[in-house]
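Asker: Line by line, the protein sequences are chains P and A.
Taking the numbering used here, the leading residue of the first sequence gets 983, the next gets one more, and so forth.
Taking the numbering used here, the leading residue of the second sequence gets 286, the next gets one more, and so forth.
Derived from the structure by calculation, the hints contain no laboratory data.
Quick reminder that beta carbons are idealized off the backbone N, C-alpha and C, glycines included.
Be aware that one or more of the hints could be misleading.
Unchecked claim - Taking lysine to aspartate or glutamate pairs in the EDC-like style, the calculated list, with each CA pair at most 20 Å apart, reads: (1) A:Lys337 to P:Asp1027; (2) A:Lys337 to A:Asp370; (3) A:Lys315 to P:Glu1102; (4) A:Lys315 to P:Glu1047; (5) P:Lys1098 to A:Asp316; (6) P:Lys1098 to A:Glu324; (7) A:Lys337 to P:Glu1030; (8) A:Lys337 to P:Asp1029; (9) A:Lys352 to P:Asp1007; (10) A:Lys337 to P:Asp1007; (11) A:Lys352 to P:Glu1102; (12) A:Lys315 to P:Asp1099; (13) A:Lys337 to P:Glu1032; (14) A:Lys313 to P:Asp1029; (15) A:Lys337 to P:Asp1016; (16) A:Lys352 to A:Asp389; (17) A:Lys313 to A:Glu324; (18) A:Lys337 to P:Asp1099; (19) A:Lys352 to P:Asp1099; (20) A:Lys315 to P:Asp1007; (21) P:Lys1098 to A:Asp379; (22) A:Lys313 to P:Glu1102; (23) P:Lys1070 to P:Glu1082.
As the list claims (entries may be wrong) - To spell it out: a stretch of chain P is covered by chain A in this simulated footprint if at least three of its residues, at any positions, have a beta carbon under 8 Å from a beta carbon of chain A; those stretches are: (24) 997-1010; (25) 1025-1035; (26) 1040-1050; (27) 1105-1115.
Unchecked claim - Partial list, derived from the structure: chain P residues whose beta carbon lies under 8 Å from chain A: (28) Leu1090; (29) Arg1097; (30) Lys1098; (31) Leu1100; (32) Glu1135.
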Amino acid sequence: MKMDMLSIGGLGHKQTIYQSFCASDTATRQALTDLSQKLQEFGVDSDEVEKVETILAEVYNNIVEHAFSGVAPGVVRSRMTVVDAALKCLVADNGRPLPESGLLAGNLVGPAACRKDLPEGGFGWFLIRHLTRQLYHQRVGGTNYLEFVIPFEEPAKCPTALRVRTRLCD
Amino acid sequence: MELKQENIGGTVVVHCLGERLDSLVAIKFKDEFRQLAGEDAQRVVLNMGAVKFMDSSGLGAVVAVFKLLGPDRVFDLACLTPAVDRVFRLTRMDSVFSIFDSVDAAVAAPPKSAMFI
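Next comes chain A alone, as it looks inside the complex:
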């Protein structure tokens, strides 16, 4: 899973470039994400718009990077495709993350996740 980092007004946006976030790439995803998220930005957005398929290993990797950021940094998701959205909904992880329709909406929204979780 190739990732690309972008800084938008102090928010780090990590774009997934691969189509599959599965057991084959889950560990690599975690390692790369940790490097790209850095340690400074208080808010990190994961753009999953390119991801057409995610299995439970991929979901576990997203949860893992969320936890890696520590308790104070905000982590939001953007642009879930239908198959990926289904996995978040069925496992109720959609209630854990703030999920936005676009990267712009995620960056513009007032941060809230850190207050709850």
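Only chain P is shown next, with the shape it has when bound in the complex:
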């Protein structure tokens, strides 16, 4: 039987959330609503709940839009555990592999951007990278695993766009 990383750890922990849903926009929205409700029940501060929802929305959307683009929608599964003022997350999908350009730094606008040149996408990876720590992707046996930690405090605003573009790994 194939080892599934989602089943390692987390078991028996009181404040662990498991999610499993079809990779669609509608199911993603429901999963996010359920996640927020559960975190509130755990007593997580509402600001942090909003932040978690922002990050997981981007992670789930990326899977729906890219991992399952052009193929039959599969299943997204995740495990999130509240540990030491942080949320440890592991998200799995059996969609296409993340491309080499995966874990992109994402877009930021420069101060001199013209209206017509403003980016309409690419914000998702930026938000994920900026709001998480220990971001790590691996593909095992046809499954993408994205692991990351969401610290429960507001990170300092990045001083420059350059820093974000050049720091691909924490």
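Model the placement of chain A on the given structure of chain P, informed by the hints.
Answerer: Below, chain A without anything else, positioned relative to chain P:
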């Protein structure tokens, strides 16, 4: 995402009525906004007071409608809730738009965005 249009002294105000501006409604938002903004008003204000959650697709849609208006028309934002404001700030898009605390303040302010962007 349901939208409602109002004309206040020549400024078109588009009110978001839905609580979520996300990937599920982003395309519909763009289409509806384009119809409601029309072609005549030189200034358009988007009232986001009802929006409790916006993802990067929603942000992309706001940028898209801003660009759709063309280079000469002013586009301002009003009444961002904390979660929506956070996404604008983190992505630095708060520096692209003029953001007002209320629709009244947006309508009353002298237009400036078109000068810069």
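Asker: Looking at the structure, which of the earlier hints fail to hold?
Answerer: 9, 14, 16, 18, 23, 32
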